[in-house]
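Asker: Sequences are here, hints too, so could you generate the full structure?
There are 2 protein chains.
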Amino acid sequence: MALYVQKFGGSSVANIERIEQVADKVQRFHAEGHQLVVVLSAMSGETNRLLDLARQVSDKPSPREQDMLVSTGEQVTIALLAMALEKRGVPAISMAGWQVPICTDFEHGKARIHKIDAGHVVQQLNSGKIVVVAGFQGVSANNDITTLGRGGSDTTAVALAAVLKADECQIYTDVDGVYTTDPRVVAQARRLEQITFEEMLEMASLGSKILQIRAVEFAGKYGVPLRVLHSFQQGPGTLITMEQKSIMEQPIISGIAFNRDEAKLTIRGVPDTPGVASGILGPVSDANIEVDVIVQNVAEDNTTDLTFTVGRLDYEKALGILQQTGDTLGARQVSGTTHIAKVSIIGVGMRSHAGVASRMFAALAKENINIQMISTSEIKVSVVIDEKYTELAVRALHSEFGLDTPLVTGA
Amino acid sequence: MALYVQKFGGSSVANIERIEQVADKVQRFHAEGHQLVVVLSAMSGETNRLLDLARQVSDKPSPREQDMLVSTGEQVTIALLAMALEKRGVPAISMAGWQVPICTDFEHGKARIHKIDAGHVVQQLNSGKIVVVAGFQGVSANNDITTLGRGGSDTTAVALAAVLKADECQIYTDVDGVYTTDPRVVAQARRLEQITFEEMLEMASLGSKILQIRAVEFAGKYGVPLRVLHSFQQGPGTLITMEQKSIMEQPIISGIAFNRDEAKLTIRGVPDTPGVASGILGPVSDANIEVDVIVQNVAEDNTTDLTFTVGRLDYEKALGILQQTGDTLGARQVSGTTHIAKVSIIGVGMRSHAGVASRMFAALAKENINIQMISTSEIKVSVVIDEKYTELAVRALHSEFGLDTPLVTGA
Numbered sequence: 001m002a003l004y005v006q007k008f009g010g011s012s013v014a015n016i017e018r019i020e021q022v023a024d025k026v027q028r029f030h031a032e033g034h035q036l037v038v039v040l041s042a043m044s045g046e047t048n049r050l051l052d053l054a055r056q057v058s059d060k061p062s063p064r065e066q067d068m069l070v071s072t073g074e075q076v077t078i079a080l081l082a083m084a085l086e087k088r089g090v091p092a093i094s095m096a097g098w099q100v101p102i103c104t105d106f107e108h109g110k111a112r113i114h115k116i117d118a119g120h121v122v123q124q125l126n127s128g129k130i131v132v133v134a135g136f137q138g139v140s141a142n143n144d145i146t147t148l149g150r151g152g153s154d155t156t157a158v159a160l161a162a163v164l165k166a167d168e169c170q171i172y173t174d175v176d177g178v179y180t181t182d183p184r185v186v187a188q189a190r191r192l193e194q195i196t197f198e199e200m201l202e203m204a205s206l207g208s209k210i211l212q213i214r215a216v217e218f219a220g221k222y223g224v225p226l227r228v229l230h231s232f233q234q235g236p237g238t239l240i241t242m243e244q245k246s247i248m249e250q251p252i253i254s255g256i257a258f259n260r261d262e263a264k265l266t267i268r269g270v271p272d273t274p275g276v277a278s279g280i281l282g283p284v285s286d287a288n289i290e291v292d293v294i295v296q297n298v299a300e301d302n303t304t305d306l307t308f309t310v311g312r313l314d315y316e317k318a319l320g321i322l323q324q325t326g327d328t329l330g331a332r333q334v335s336g337t338t339h340i341a342k343v344s345i346i347g348v349g350m351r352s353h354a355g356v357a358s359r360m361f362a363a364l365a366k367e368n369i370n371i372q373m374i375s376t377s378e379i380k381v382s383v384v385i386d387e388k389y390t391e392l393a394v395r396a397l398h399s400e401f402g403l404d405t406p407l408v409t410g411a
Numbered sequence: 412m413a414l415y416v417q418k419f420g421g422s423s424v425a426n427i428e429r430i431e432q433v434a435d436k437v438q439r440f441h442a443e444g445h446q447l448v449v450v451l452s453a454m455s456g457e458t459n460r461l462l463d464l465a466r467q468v469s470d471k472p473s474p475r476e477q478d479m480l481v482s483t484g485e486q487v488t489i490a491l492l493a494m495a496l497e498k499r500g501v502p503a504i505s506m507a508g509w510q511v512p513i514c515t516d517f518e519h520g521k522a523r524i525h526k527i528d529a530g531h532v533v534q535q536l537n538s539g540k541i542v543v544v545a546g547f548q549g550v551s552a553n554n555d556i557t558t559l560g561r562g563g564s565d566t567t568a569v570a571l572a573a574v575l576k577a578d579e580c581q582i583y584t585d586v587d588g589v590y591t592t593d594p595r596v597v598a599q600a601r602r603l604e605q606i607t608f609e610e611m612l613e614m615a616s617l618g619s620k621i622l623q624i625r626a627v628e629f630a631g632k633y634g635v636p637l638r639v640l641h642s643f644q645q646g647p648g649t650l651i652t653m654e655q656k657s658i659m660e661q662p663i664i665s666g667i668a669f670n671r672d673e674a675k676l677t678i679r680g681v682p683d684t685p686g687v688a689s690g691i692l693g694p695v696s697d698a699n700i701e702v703d704v705i706v707q708n709v710a711e712d713n714t715t716d717l718t719f720t721v722g723r724l725d726y727e728k729a730l731g732i733l734q735q736t737g738d739t740l741g742a743r744q745v746s747g748t749t750h751i752a753k754v755s756i757i758g759v760g761m762r763s764h765a766g767v768a769s770r771m772f773a774a775l776a777k778e779n780i781n782i783q784m785i786s787t788s789e790i791k792v793s794v795v796i797d798e799k800y801t802e803l804a805v806r807a808l809h810s811e812f813g814l815d816t817p818l819v820t821g822a
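Residue numbers (our numbering), protein chains in the order written: chain A, 1 to 411; chain B, 412 to 822.
No lab work stands behind these hints, which were simulated from the structure alone.
No incorrect hints appear here.
Capping the alpha-carbon separation at 27 Å, the derived lysine-lysine pairs in DSSO-like fashion look like this:
id: 1; chain 1: B; residue 1: K498; chain 2: A; residue 2: K110
id: 2; chain 1: B; residue 1: K799; chain 2: B; residue 2: K777
id: 3; chain 1: A; residue 1: K60; chain 2: A; residue 2: K110
id: 4; chain 1: A; residue 1: K129; chain 2: B; residue 2: K521
id: 5; chain 1: B; residue 1: K498; chain 2: A; residue 2: K60
id: 6; chain 1: A; residue 1: K366; chain 2: A; residue 2: K388
id: 7; chain 1: B; residue 1: K576; chain 2: B; residue 2: K526
id: 8; chain 1: B; residue 1: K436; chain 2: A; residue 2: K60
id: 9; chain 1: A; residue 1: K129; chain 2: B; residue 2: K471
id: 10; chain 1: B; residue 1: K521; chain 2: A; residue 2: K87
Answerer: Rendered as structure tokens:
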């Protein structure tokens, strides 16, 4: 008998039929003798419908009242799931964030969990009930309803799993696990049995939208075993753990991520004085534009070229700022393009294997793909290339690092 | 400067446009320097939408989960009104039932208010805020959300007004006050300046659907001045008070109520033994059918005739039960009809005026209207007549008791 925290997102509870399917699934786990805490999001579309009502009333609704409003979304789904379980003869009780209570700070719309008092939940579990908790919401010390921000339901589930010392936190989604890369790009992409928290963080931040980064960080911090599974299909999903223990031969690279949401800006021929980089990037970050990859070169004539990437939606704004900076600093040229892609190889295995980066560059060179920028971390190498080569690059790397063939897994 | 509790029902907050209108109205009161607590229902239709979701999941959803579900309706409207007020520069704060807190018993779906701890509301009022409270809902000692049952928002408003010792509890509706009778039947029907709680109770239970009976009882018990007004029209409405003080000449009759929702059943020639009435009516009430007017006659041959009325929807069921009872008791005949109406004259003034009932019967006789049943109380006389004479009877009585001509009112 295990204690599981299971989280179902908005598309898994989008309508009554889906809620019934979730109830069937939860009932099966219960019948196996497990204790269950189920965390739900609002029906997909409901949060946006509520936000739209708010926007009809006010351009700038107060965050407190907005949280009051949108937190009703999960309250509806938890009540409906509890009813569906009770109909099946499975004892269940729903709990809004304040009823658990999930105590947060005062940052409406992006609150952080301070403390969860799990006594009430444990009491209900021990009385044989399935506890159905509203995700995404909590309560401040003022007794005001707060929300954790978009995707916060994952965080709710992980936090509850941590406090309850659950055997596993299971995140049910519309994919059956974490893949070596996007199966729409590489037909041979395969589901990973396991992945480490660090790898998952890199995968997520690079565009795999399966799990909220914050939830993964949280799970890593508290050592909560996290599993990604498909809501309505059978299968073991992907387990996210501290260490990949059970795989007999650890692969060097776990996955290939890519991202076409960025744009590249370059400023050339800036007189190279101390602080020039912050002189260029300062105004950009002052405008709340996040900068990702940065590369700086110093030329022989004592001028500097600096290239960086920003989110594609911020491109026009960033270019305008950079042109002003260029005028001020007397730069030779300011240019940019949105036609780029970032492709990354990720794997904790590369820590102990030299030459992974050069193997990556060679594989791309073999396909005549020019590398525009390079960025590395301990478990990741990213390159920026022309967008049109994205699929070709991903396929080449997927093959190069042996991800096309199924691994023999232990356990 | 006064303290008002103002309640707006579902049709007054049915959409964003109406919520903006309510905000305008509330803002005007605030600008006059009054302290305001605003109680809201869910958008009209929303509670039914939510109940329909519940019914799709389960024939018999648990009352606790149903309350969890439907209580979201008011949470949406209070947040939206608070936003609309803040947009106008009027400080406001919304509060769900549990945040006030409005403490109730454990009877989900029809909870009764035990206690309201008004400290938090008073604190917010004193800080200059309009407090927007979710009607219809409370919280049990288990920390579970409860609802007060349909129309419970009126009760919420009255209870808050009682605890806060408000100067007036204003119920905003889609009518501009309480009328002497239904204006659709009698063109001369006029709005009453004032009516007593007792009269209002008789009016409400006889079919005037303006206020919840429970709220009127509550207001009477705690002496809360209650005023019925139109949500979107100007006007003083009708004040419901302990005593009609300011009207110079107190009328004998305040209003004429009528009801076409009942049916009449008769059992004749039952041997008259002790307990015969309960032998006849017991099986009816055992079937959860409410009986209204009852008339019993004993004939010379020592048999009894008994006639009673039930809600029209229960007629077929009641007739079946009565036929079985008739067989068992050896009755001569069992019959019934749905073609009846109950017409009542109501007024605290009749306490001190003899002959009111006979004046009523004479007025009906003058119109050749046969009286089938009579029922009286201290401030009401009701007759059951053939349904087809309803309008004629109401008009005749409205004229007979001087309600056609506007009263001269004091103050």
